[in-house]
Each structure stands twice: as C-alpha cells, then as structure tokens.
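Engineer: What follows is the residue order along each chain.
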Amino acid sequence: MARRARPKSPPDPELADWPEALRWREWMGRIEAVIFASPEPVGRDILARVVGQNCSIDRLIEDLRAELRGRSYELVEVAGGWQHRTRKNYADVVQFAIGASGEGRPLSQQDALVLTAIAYYQPITRSELSAFFGREIGRDGIAHLRDLGFIAAGPRRPAPGAPYTYVTTKAFLAEFGLNSLRDLPDMEALEDAGLLSKEKLLEGAFPKRLAGDLDVELGENDEG
Amino acid sequence: MGRKRKTPRADRPAAPPDLAPLPPWARDPAPSSSLAEAYALAGAALAILDPLARSLHPVTILWRQRLALKTAAALARQGGRTEDEAALRDHLYFTRPGDDVGPAGRLLRAFRDLGGRGALDRELWQDRLSLLFEPIGDEELSGLVLLAGRRADGEGNAIGAAVEIAGYAARRDLRAPALWLADAVLARRLAWPAPVPLLGLAFKRGDPAAFADGEGKRVALAYARSAAAALDLYGEIARRATKLLAAAPKLRGKAADRVIHSLLEEDALTVRTGVEKPRRSRYRLFNRLVELEAARELTGRSTSRLYGL
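Here the protein sequences come in this chain order: A and B. Positions 1 to 224 (our numbering) are the ones given, in order, by the first sequence. Positions 1 to 309 (our numbering) are the ones given, in order, by the second sequence.
Honestly, the hints are just simulated from the structure, not real lab data. From the three backbone atoms N, C-alpha and C, an ideal C-beta is built for every residue, glycine too. Don't take every hint at face value.
To give an idea of the interface, some chain B residues facing chain A are shown, with a C-beta separation under 8 Å as derived from the structure [what the hints assert, rightly or not]:
1. ARG96
2. PRO103
3. ARG172
Turn these sequences into a full structure, and let the hints guide you.
Structural biologist: This is how it looks when you write it as structure tokens:
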C-alpha cells in the first residue's frame, strides 16, 4: 500500500454551503462508507464525526436501509452499532461458496491449538494448558477466546487460589459446524482408547495429529 | 426466667425408614440366567425397593442424588473421561452461579434432575432433555421421546416398558438420554413419586451395547443388579442418618437445625451453602459434626471442603 499524503484538513462535517439534497446524499455516502469499511459495528459517536451536528443519524440510516431493500445485504444495528450483513437467506450460499461465516473472526494458530485442547479436555485451567503446551498460555489468549465467545468460565478448581477452568460454548459448536462435542474429530476414538484424560494429556499423550486436522478446518478463518 | 428453654424438638426429622433386606438369592444374578429368571430377579429386587422409592422422607432425596452421582460417574467413564464421583461433585459444587458446569457436570445435573418429581411429566421430556443433555439431533431425540411416551403409561410389564428405550443406549449420542428415559418410564409404570436413577449403575460391569438385545434379558439383569446396589447404598445412608439424628441434641441453635436438615437431603454441602458469608461458628459447627461422626468431610482436602452424610 503506497503511503498516503496527509489530508490537508479533516473533512468538513457541516457542509454548510451545499444544497440541501446534495448535502444529505453526501452524509448518507459518508456513513455508508465508514460502516462498509469497518470490520466491527460502528457506533453512533464515530458516525457523528463525519456528519453535521444537527443531522439525524437515524434518518440517514433509515434512508440507507430503504435503498438496500431487495439487495442481498442489509444494514443492521448490532452490539451498539451498525454493520453491513449478508441477509439470512443468502447465508447458505456464502457459506458454500467461500466457507466463511462472513463475520471475519481472526484466530491465530496458537489460539486454535489452545481452543482445541480446551474442547477435548474441558474443563481445564490456564495453568494446566500451560503445563501441556510446555509454555505459558497468557491471560490475553484466553481473554481473546472468551471475547470471541468460544469459551466460558467453568467450575473452579478446588485447589489453592480456586482457579477458573474453561469450557467451550454453544457458539463454539455453531462456529465450527459441530452439533455436539462428540462431533469433534476422532472423539470416539479417543474415548475408546481412554485418552480423553487430563493425566494422559499432561504426560504428553495428546494426539498432535488431531491438532493438525483441526488447524486445517480453522485455518479458513485465520486471517493472520 | 434467665435460662433459655430448650426448643421443642417437634421439628426434628423422623428416623429414616427401615427396609427389608434383599434376600441372598436375589443378589448377583448370573448372566447365564434365562429370560424368565432375569425378569423374576428384577421384579424381586424392585419390589423390595418399592417402599423406599415411595417414601417421602428427606433422606430419599439424598439417596437419589447419590445414585445420580454414581450413574454420571459410570457414564463419564464409559465416555472415556476420567471424572470420578469426587471430581463430578467438585464440578457441581464449585461452579459459580451463571458459569458453565462443563460437560461432565451437565451429566450429573441431568441425572439429579431425573430424581425429581418433574421428571415424571412426559409432556416436558422433549424440552427437558434438550436442555439437560448435549445438543442431539432434534429428530432423533423426538423419536426416542415419542417412544418413551408410548411406553410410559399402560399396564403390564414395567420392565418390558423400559427395555425398548434402554436399547437406544447402544448408540453413543443417545446413551445418556436413553438411560434417563428408561428410568423415568419405569417410575411412571410403577407409580413412584419420582424416578430413581438405576440403570446407569449397571454400567460398571456392562457394555451398553448389550442393552440392545431385543428380549430385554440384559436390561432385566441390569435392573436386578442396580436395585440391589441402590438398596445397599440406602443402607449406608440410613445408618449415617441415624447417627446424625442421635448427635442432633448435642448441637443447639437454628443454624445447627438447618444444617442437620440439609445434611439429610443433600448429597454435599460447602461451608457456604445457604449463607452469604459463613461465620466462624459455621466452620466450628461442621468440624463438630465431623468429630461426632455425624457427618463426613468428603474430599480429604484442607480447603474447598465438602460435607455430607
């Protein structure tokens, strides 16, 4: 990406000397552009920066939504902001064509491995995960998985400090197209071999091949 | 008038019901028994169990919870997990409200739920099971629930009713709900006030796939064994409950009364159970109960302790 020259001055939100109709269209275009360009839902406060003080953002959104009628995507209010989203009736098509849920959830290799370990061995604490991986699994990684909604707090270990364990969530199952934990790759094989055991895990019996398989599936979502 | 009068002990719980012992010939039925023998033994064992299953004494709640614990542990083991009863208890009792109890803990919760009155309501089975167990294909679950519904009422062979449902335990994904429903159907047929978790206990030695045998011999034998195990378990609980009640006069006060009542109907208590901030006196109370052998500390730990009969 070529270096952009610094803009001479910030865009004028008021557009005071524009004809009314043109100004309105410009405002619509601006918030549409900001929402389109943002990977996250955009809050009212951000949109307010590029439009006039007395302009109604809700009315702009209404007009934008009206224009999108009949298109395969829409403008929705979600998580306190607005976002473009594929309409539900096209979700299957998108899923089939590019295998994406369309929500752009980046998951690093490391995150994927940690998530895998939690999925098979839940409930499991951060320090047990660290012991298995042979290095410290940081709070940040866990927090990231939690923010993504893939893991949640489980029972607290009755050990000093009562550390939290982690378990996977329904959202985890939904995201990876699993109906239940039993649909995890080779879950039944692990059960039969009696390998679904934390003690064995810590002895290093975790089948790394599975981590490889799961990586392939998760890799589609990895934008890293 | 300075002395406190002893509070009338009218509210002291009654002694736990006495039960006829299982005759020796009804124990440990041989797998080589004929079909008729299997059903006869199951019938005998269930008949001895019947008054206990009908009893409303609080201790029967605890009894059902302990049976649920054993069932969940047996199923967890079958599922290749290492959670034993102690670990399952920890999962259940140390999860903060609102947090997830985890898949093993869910299994325990599901079978504790089986021991409640609500589990008899067949209209609610579909919804209940969807909530209690891991998401299963709706179609398959509905098929099973429909079958259970048909078997749930009617006359004649109660065990026969449970047999067809128990057969589904051969399928891994339906195993736990199948066992749950089989016991629920049995309880309805036998007109018990609440189901008793029984079938899962037989997994200690059995292969769930064997339950699919059409004639139901394996299921009947399983019920015979499980009922015997359940009776033995009750015997232990009743002995301990009697000890607790004998020690009760030595423990005065409302707090002690509440704890005693709780101990009779709960599998386990933490020091915090029922109180926001346990005072020192509460810790002392539990220690005293253990000293008097009226209750046990179940974990062997010095922190995060659990107390129960």
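Engineer: Looking at the structure, which of the earlier hints fail to hold?
Structural biologist: none
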